[in-house]
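Participant: Take a look at the letters that make up each chain.
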Amino acid sequence: MRHGKYPFVVGFLAAPVTLYAVFVIAPYAQAFQISMTDWRGFSAPNYIGFENFRRLFHDHRFWQAIEHHGILLLALPLITIAIALFFAFLLNVGGRSRGGQRRGVWGSNFYRVVFFFPQVLAVAIVAVLFQTVYRPNSSGLINGVLMKLGLDPVLFLVRPSLALWSIIAVLVWQAVGFYVVLFSAGMSAIPPDIYEAAEMDGATRVTLFFRVTLPLLWDTLQVAWVYLGIAAFDAFAIVSVLSVDNGGPDGATTVLALEIYRNAFVYSKYGYASAMGVALFFLTLTFAALTLRLSRRESVEY
Amino acid sequence: MNPHTTTQVTAPAPSAGAAGGLAAGALPDGRRRRRGRSEVSVLTGLGQAALIIWAILVIAPILWTFLASFKNTTEIFSSPWTMPDHLRWENWSRAWTKAHVGRYFLNSVLVVSLSTFGTMLLGSMAAYVLARYRFWGNRFIYYMFVSGLAFPVFLALVPLFFVVRNLHLLDSYTGLVLVYIAYSLPFTIFFLAAFFKTLPSSVAEAGLIDGASHTRLFFQVMLPMAKPGLVSVAIFNVIGQWAQYQLPLVLLSNAKDKWVLTQGIADISVNAGYEADWSGLFAALTIAILPMIVVYAIFQRQIQSGLTSGAVK
Numbered sequence: 001m002r003h004g005k006y007p008f009v010v011g012f013l014a015a016p017v018t019l020y021a022v023f024v025i026a027p028y029a030q031a032f033q034i035s036m037t038d039w040r041g042f043s044a045p046n047y048i049g050f051e052n053f054r055r056l057f058h059d060h061r062f063w064q065a066i067e068h069h070g071i072l073l074l075a076l077p078l079i080t081i082a083i084a085l086f087f088a089f090l091l092n093v094g095g096r097s098r099g100g101q102r103r104g105v106w107g108s109n110f111y112r113v114v115f116f117f118p119q120v121l122a123v124a125i126v127a128v129l130f131q132t133v134y135r136p137n138s139s140g141l142i143n144g145v146l147m148k149l150g151l152d153p154v155l156f157l158v159r160p161s162l163a164l165w166s167i168i169a170v171l172v173w174q175a176v177g178f179y180v181v182l183f184s185a186g187m188s189a190i191p192p193d194i195y196e197a198a199e200m201d202g203a204t205r206v207t208l209f210f211r212v213t214l215p216l217l218w219d220t221l222q223v224a225w226v227y228l229g230i231a232a233f234d235a236f237a238i239v240s241v242l243s244v245d246n247g248g249p250d251g252a253t254t255v256l257a258l259e260i261y262r263n264a265f266v267y268s269k270y271g272y273a274s275a276m277g278v279a280l281f282f283l284t285l286t287f288a289a290l291t292l293r294l295s296r297r298e299s300v301e302y
Numbered sequence: 001m002n003p004h005t006t007t008q009v010t011a012p013a014p015s016a017g018a019a020g021g022l023a024a025g026a027l028p029d030g031r032r033r034r035r036g037r038s039e040v041s042v043l044t045g046l047g048q049a050a051l052i053i054w055a056i057l058v059i060a061p062i063l064w065t066f067l068a069s070f071k072n073t074t075e076i077f078s079s080p081w082t083m084p085d086h087l088r089w090e091n092w093s094r095a096w097t098k099a100h101v102g103r104y105f106l107n108s109v110l111v112v113s114l115s116t117f118g119t120m121l122l123g124s125m126a127a128y129v130l131a132r133y134r135f136w137g138n139r140f141i142y143y144m145f146v147s148g149l150a151f152p153v154f155l156a157l158v159p160l161f162f163v164v165r166n167l168h169l170l171d172s173y174t175g176l177v178l179v180y181i182a183y184s185l186p187f188t189i190f191f192l193a194a195f196f197k198t199l200p201s202s203v204a205e206a207g208l209i210d211g212a213s214h215t216r217l218f219f220q221v222m223l224p225m226a227k228p229g230l231v232s233v234a235i236f237n238v239i240g241q242w243a244q245y246q247l248p249l250v251l252l253s254n255a256k257d258k259w260v261l262t263q264g265i266a267d268i269s270v271n272a273g274y275e276a277d278w279s280g281l282f283a284a285l286t287i288a289i290l291p292m293i294v295v296y297a298i299f300q301r302q303i304q305s306g307l308t309s310g311a312v313k
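These protein sequence lines map, in sequence, to chains A and V.
Per this note's numbering, the very first residue in the first sequence carries number 1; after that it's consecutive.
Per this note's numbering, the very first residue in the second sequence carries number 1; after that it's consecutive.
These aren't lab readings, by the way, just hints derived from the structure by calculation.
Wrong hints could be hidden among the right ones.
To be verified - Over 10 Å on every C-beta distance to chain V, these chain A residues come out as not near it, computed from the model:
#1 K5
#2 L13
#3 I48
#4 E51
#5 R112
#6 Q119
#7 V212
#8 D234
Stated by the list, open to error - Chain A residues, not near chain V, derived (Cβ > 10 Å throughout):
#9 S43
#10 W63
#11 D152
As the list claims (entries may be wrong) - Here are some, though not all, of the chain V residues that point toward chain A, as calculated from beta-carbon distances under 7 Å:
#12 I53
#13 I56
#14 V58
#15 V129
#16 Y133
#17 G137
#18 P152
#19 V158
#20 A182
Ideal Cβ placement from N, Cα and C applies to all residues, glycine included.
Only chain V is shown next, with the shape it has when bound in the complex (with noise of 0.2 Å):
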């Protein structure tokens, strides 16, 4: 980024522009300057290393699934750090359909935009009345969503189980988005309902006075306004209910054609060992980790404010 630090850094003398040189120079003595100097080249040169390591630290281990999923399972015991002698596409194809990870995917991509949608459907609404909008009831409904941030899912898990087979939506899509969306509600409407408060009024004044209904305004004025706070929420909502393992674990238990990622591909995980299939494992995982890739490398600034915005406010 910086092109002149290492040479910075050595030399005593500052080249840098006017300001550098005029903080520099209020500084006691020269002494000082010169300790302050190599206090930093070393610190810098340590941080750096250990930036680098922690970076190989995060990188080598996706890699070396990526390369692996090229190998066959000689390649991967005898030689586990060298490249695949060539790319054995039918490992990727034997993951995708034999074991099953293109239908995993797939139902994940289902079941996260149907509840995504709905969470935001449905906690933007709630939060936008709960926000502005005073009526009987207002706090004791907020509270009650908001207080859902502070237990364990755990505590739920075994009553929760019952509530969703009484309700005949046990191994179902429609069970899981629901259970899905009742449980991102909390974050949603807590993160939401501060974002309404801070848009304007006048402009919702203007709208009604023009007689625009409540429903509309909301569709058509609040909502447009509040899209950098849905962006936000949506991302949050996106990767969280993507990650989910407990849930679809024990809401979809019996109906294995509607798995989704996580529980296929920790499935996969333990039959690979049964079958000795090392290489469709690697497979498999690969698939299940480059999409994330993909989208983290399009999303990546979008994604870091998005989940990072959520637990400062």
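With the rest of the complex left out, here is chain A (with noise of 0.2 Å):
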């Protein structure tokens, strides 16, 4: 034993171990007793059982904001990835061979740059900035240039059928340049010889997309998957300032986490937000269950 070891770590971990346990630990703790209450603020709370949980069961809204984590669990991902995959194929191995190493396009290292900016601006501030973009008037950028068209102008965030999908290609707008860039690390990582022998095999761009960086990526889509699917689970910023009042129109798009925000700190009811918090925990809980599940599969070696 190495000597003041033990006065050492105690050191090292006092701090860092009670921050935790005070601003992590006990709320997490306290979100499940909490949920079986009647607590509103002022009295002391009741215990209820799982009344909150009955109710929730029954309340419209509810299943409207699972509704859409559903939708964008499957959107989310599924368009991220799919234009993240096409475009980080093109700036890596789109371009032509030389001296055996293959190459990206033109500008690759330009494409990259750009597509990656969204992603250091907070989403808050997006969200600002796509609600300038969606006005209904010509004052919106879109709006703007369809009107000069003479066309109507689309009612983005205003027509419920439309408004959820506004907010989903934000967030496709915003998370791209991301994924572009972890599928090129990825990309990068793979010898140049495999597409070196499978091209004098007489393969296709398109065969050596689907049967050579597909499946030596599936890790990283895998990554890209859990990644994707825990923003599809939050979506607060997003929505919370994007979308007409407040997850609207009628609910068109909220979600578990402004539907927990409002009836916390607009209608005080916290042991019924604590139900709904404890609810998506085992949502999120699901998902990663599911996921690992789903997509185990053996990961080629190289």
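With the hints as a guide, bring the two chains together.
Facilitator: This is the structure we're talking about:
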């Protein structure tokens, strides 16, 4: 045993463990407890068992939010990964091979820098930016152009059937660059002689993509799916700032995080909001378990 | 990047280097080679078009916001895509002082610098001890931290509000900074513990034999050696904490003078509608975005690798 080890270990862990226990562990534990009460902040909470969860079951808004998470969970990763994979392939192996080395198309570095930029912007700022882009009159970027061309303005955020998709589009807009860079890193790790061998066998660009790049990138894709899944379960900042009427019109864009925030800090229904938090916790857990189960597959060694 | 690309794609005879010619010559016959070339040119053409369109999609809203920040309301409505008549800097000064963008900006800088510093200090201390020392409870504490990665912050939002309130830290910088640090610890410790494990132990042992204390060893030997990992995590934390919206919304709601940039801009966008000050909103947005562009342009290589290395490791 080295001299003075234990005082050192305790000294180094005291502050981080205390902070973490007070601000993270304790609230998580309390959330489960509060979800069983009718607490509204004035009087002492009464334990009401699973009453909050029973009410959740009949809450139209709650199911609306769940449905939106379902749509987000499918659309956001699928669209983002598809676009990002296509771009990453073009930027890394889409160009000509030269000296046996696969290269990206012309201007690859420029695209990588530009595409990534939205990732650095805060989501709330992006949401305000797209509020102006989507504005339903001639002052909006898109409708300003459409109306100049004599077309009717598109009511992006006002029309219930369009609102959620307008929001998904913004999330994709922001995310694509990150995954282009992520997939690029994965692709550059693939040894060039695999491509060379496949090309000698007469593989086309499309075959190369589906038979070489995609299987060798499986691990990175899994990471991307999990990250985008987590983003699909949050989506608070974007919906809260961008949507009309906080999750509207008429709940057409609401998400669980927003319902939790509204119930807790607008209506002071702390018990009910915590019950939603617990539901969100189990949904996240299910998602993680399902992802790990479904994506279990031999990763190709090279 | 490659000036020969276009000519090579259309011309069937390769004028590339010896190795390129060798690879092409190894193909069984000329027909297959030619088919391969035209396929390349079609795909490259379509691909280039898609890339250019996406680049425009990224740049256009930002450029448009920048231009609109110099216009007046009439210009914004009547000519969304023209240059401003003249540069109206008064929009910017109105946003900076009257709409308090300047204050929100400085608040964000203050909060993020304090909390990133705290996160890096406490996170690297904990990660170092957990990665390189064997003691009772080590694994338990490590998994306690790392499990925080899996839980949604929203589960804890309601109790967190009351914990902060009971500590009398609501509507204070201190409260927000401490909460930022606490919620940044899981990823920081997860990443740095893996990093500290890879550092050679011979250096640490030599230091101890020379009589350095454990603390001194950490600050003077191990931390400098871990610099690449620290930079990656620091970038990750700065960007994450700068973008934070929900925590300040809940924890600073009644202290408008302490609001951070994301909160402030979201609020300005609501008020701009009531006051019809659209040019002020565009100026505020530009002030919020411009520094990000500058910082990103300077550090884009580090930022890209910092953010993505967190995803794969």
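Participant: With reference to the structure, classify each hint as holding or not holding.
Facilitator: Tested hints:
Chain V draws K5 of chain A into its interface by the beta-carbon criterion, the shortest separation being 7 Å against a cut-off of 10 Å. Annotated as non-interface, L13 of chain A brings its C-beta within 10 Å of a C-beta of chain V; the closest such distance is 6 Å. No beta-carbon of chain V is positioned within 10 Å of the beta-carbon of I48 of chain A; the least distance is around 16 Å. Distance to chain V confirms E51 of chain A as a non-interface residue, since its nearest Cβ pair spans about 17 Å, more than 10 Å.
Not every C-beta of chain V lies more than 10 Å from that of R112 of chain A, the closest at about 8 Å, which undercuts listing it as non-interface. The non-interface label for Q119 of chain A is inconsistent with chain V: the shortest C-beta to C-beta separation is roughly 7 Å, within 10 Å. Listed as a non-interface residue, V212 of chain A keeps its Cβ farther than 10 Å from every Cβ of chain V; the least gap is roughly 15 Å. The beta carbon of D234 of chain A sits about 7 Å from the closest Cβ of chain V, which is not more than 10 Å, so the claim that it is off the interface is violated.
The beta carbon of S43 of chain A is kept farther than 10 Å from every beta carbon of chain V, the shortest such distance being approximately 15 Å. Every C-beta of chain V lies more than 10 Å from that of W63 of chain A, the closest at about 18 Å, which supports listing it as non-interface. With a closest Cβ-Cβ approach of about 16 Å to chain V, D152 of chain A is found to remain outside the 10 Å limit, as its non-interface label requires. The beta carbon of I53 of chain V comes no nearer than 11 Å to any beta carbon in chain A, farther than 7 Å, and the hint placing it at the interface is violated.
At a threshold of 7 Å, the smallest CB-CB gap from I56 of chain V to chain A is about 10 Å, leaving the interface hint violated. Checking V58 of chain V against chain A by beta carbon gives a least distance of about 6 Å; that is within 7 Å, so the hint holds. For V129 of chain V, the interface hint holds, since its Cβ comes within 7 Å of a Cβ in chain A; the closest pair sits about 5 Å apart. At about 6 Å, the closest approach between the beta carbon of Y133 of chain V and any beta carbon in chain A falls short of 7 Å, and the interface hint on this residue holds.
The beta carbon of G137 of chain V comes no nearer than 9 Å to any beta carbon in chain A, farther than 7 Å, and the hint placing it at the interface is violated. A least Cβ separation of about 5 Å between P152 of chain V and chain A falls short of the 7 Å threshold, and the interface hint therefore holds. Residue-level restraint check for V158 of chain V holds (minimum Cβ-Cβ distance to chain A is 5 Å; threshold 7 Å). Annotation: A182 of chain V was flagged as interfacial toward chain A, and the flag holds, the nearest CB pair being 4 Å apart, inside 7 Å.
Hints 1, 2, 5, 6, 8, 12, 13 and 17 from the list above are not met by this structure, while the remaining hints are.
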